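*Asks:* One letter stands for each residue in the lines below.
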Amino acid sequence: MSDTTNQLLDNLNALAVGIFLLTAFGIVAMRQVRGVLNLFILQSLMLAASAALLGLWHHSEHLYGVALVNLISKPIIVPWLLRKTTPEEIYSRREISQVLNIPTALLIALGLTILSYFLAQPLLNAVAPEFRGPNVPIGIAGLLLGAFTLTVRREALPLLIALLVMENGAFLAGISISRNLPLLVELAIATDGLIIVFISGVLIRAVQKHVGTTAVGKLSSLKESADEPSAKEAEK
Amino acid sequence: MNIIIILLLPLIATVLVCIPFQKYWASGVTVVSSVAVLILSARIALQVAAGNPVITTLDASIFKWISVDGLSALILLLIAFVATTAAIYSVGYMAHQNLRPWKLRLYYANYNLFVFSMLAIPVLAEPTLVWIVVELTTLCSALLVSFENTREALEAAWKYVVLSLMGAGMALFGFLVLFAAMQASGSDGAYTWNGLIAAAPSMPPVLLQTAFLLILIGLGTKVGLVPMHTWLPDAHSQAPSPVCALLSGIETSAILYVILRLFPVMHASPNSHAEKWALVLGLISVGTAAFLLLQVRDYKRMFAFSTVEHMGIILAAVGLGASVTGYGAMQQIVTHCVTKSFCFFAAGATLMTVSTREIAAVRGLIRQSPIAGAALAFGGLAIAGAPPMAVFLSEFSILKAGLIQKEYVATGLLAVFIVIAFFGIMLHINRMVFGAPEQNHPVAENVGNVHLPFSCRLALILAAVPVLVLGFYIPQPLNELLTQAAATLTK
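Keeping their order, the protein sequence lines are chains A and B. Under the working numbering, the residues of the first sequence are numbered 1 to 236, in order. Under the working numbering, the residues of the second sequence are numbered 1 to 491, in order.
Derived from the structure by calculation, the hints contain no laboratory data. Predicted, not measured: the structure shown is a model, and the values here were computed from it.
Which chain A residues stay away from chain B? Per the calculated CB distances, all over 12 Å, these:
#, residue
1, LEU12
2, ALA14
3, PHE25
4, LEU42
5, LEU45
6, LEU56
7, LEU68
8, PRO79
9, SER92
Residues from chain A that face chain B, not an exhaustive set, calculated with beta carbons under 7 Å:
#, residue
10, ALA206
11, VAL216
12, LEU219
Idealized CB from N, CA, C, for every residue including glycine.
With the hints as constraints, model all of the structure from the sequences given.
*Replies:* Structure representation (structure tokens):
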């Protein structure tokens, strides 16, 4: 392929990866639960796009496979499964009580993104030049931002999506440095993601039925000393 | 071929138990399939011990990723053993709960799926596939942890899923980096544990070490290494007791096995610090767990913290220098597995007798139920490491090897923590079993049904045999298997 085409593919990939990062930021901060789900769908589409573009660039069928699997599983089956397993009410919730307020959370997220560039540098120096690109640092950023979202969110569905964002991040970095993973493995990982959604959905439904809340992050009755939780609940 | 059958049996059992039939159909199917798996695993273990590791000759895609060497055979045998005793224990324990039939079938279906996912860990040799089944163990056991649907159980299950999957996300990236390191080394071997060892010397060290740390932290979350252990005492105390035996007794060791698989790879690479990391993380885990053991209030949580302690001991033992302490570490995996599963059976028997998990509410158990009391006392002594029992022997051989290695500070710390943990466990056990009721604390009334179901007593006896026997006699094939497994660590 000619140099201009390669340049174009490279730029398009950078665009997709950039949008991926933006959606990860949005998932940290967005209050509406349904909005978080939509952002996640957009993020998965960007992951699939990045895989397809890299596949086109490096003539790799494996990456087309990754793109296809991601295109089908995350944007289509995940929302469908969630609708099947979780109660409808969960989508219309707005999350007011995050642990940190939104500007602070975004500032920390920014710090994590810069950190991920530093973390990625030694890795990028160790691989062949054609593997270098924006995917690795932004994938690591996705991993870190997902973990960060897990710590600041309280509502069940954003927490579940944060888990999937971590997986997306690991993938985004993974596809650019390890291209020839057997397709069977890709398929199995995608299936795994669906089982995560299913099991968590069932758990969310059970929590809502038996405890009466979907803010699972607030559950804290299990502590080392038996006296603490009751005292804490009395405070609230 | 046997391995394929071993993997298929629990899956077939999962389908069969879903059929509504007689009262004891689901439990019966589970017991039969577990016993069959145990027999087949024992045959494989014997074959491997005799020096014939299993390598499938089939060339179809998935079969080429199956192989069993000494280390795998050891873990496989332990999983099959605990799955069998826990299945026998479940028969009486779950019948005691008076569940509705569909709920009981759900339990056994989940149980078999969970056993399947664990059995797949040691027999697969392709790291990313291993990652997938590790993730499956979390997902299959999550609904078992939340099985009782109480507020606490649901909270425990949620924490378990979120933290384990968070770790799994990091480990996934670790495995992908490992794959990249393999490609960067220019090796065209298969991406398997052995292929990694062969390619390790020419891998870029920075990639290998990043991958190792990501996997150590990621999977360490599931093993329950401090500071990623916070979910473990919750999940391991809220699940039904037979499931606790599986979770605490073998699941943690099976995940630790995956981490141990990376040590020979790191050995082959120049200038790796894998053992230092293992030693530090292991010692922190043992120390933290030892002090937490002194102040627990729930006896199932006590055994869960003891699991954190034992995982720390194994990891620290590997960190002391696997070439010398490897045998002790492997022995510790075996003894922890048989002893901890026994402890949770004893805890379950106690729970059936007094129906409370609180340590302070249980006093003079030996007078209420001699069997439960004696089992708890025996289990406590065994897991704490009292002399005639198996754990004593393995801990002793680890400490001895540590001294041979001239690692006096680390070995000394390890010994001190083990002693603190011993006192912590025995303090609570002694009061629960023999103590007189306290004045100001209500003691749980005997719920009337002191009679333990037959299957529970049978499981207690079966599980107690290796706890006692391995304390002074290690059969020749097992010894051979342990030696091979220890050699795998430093290959």
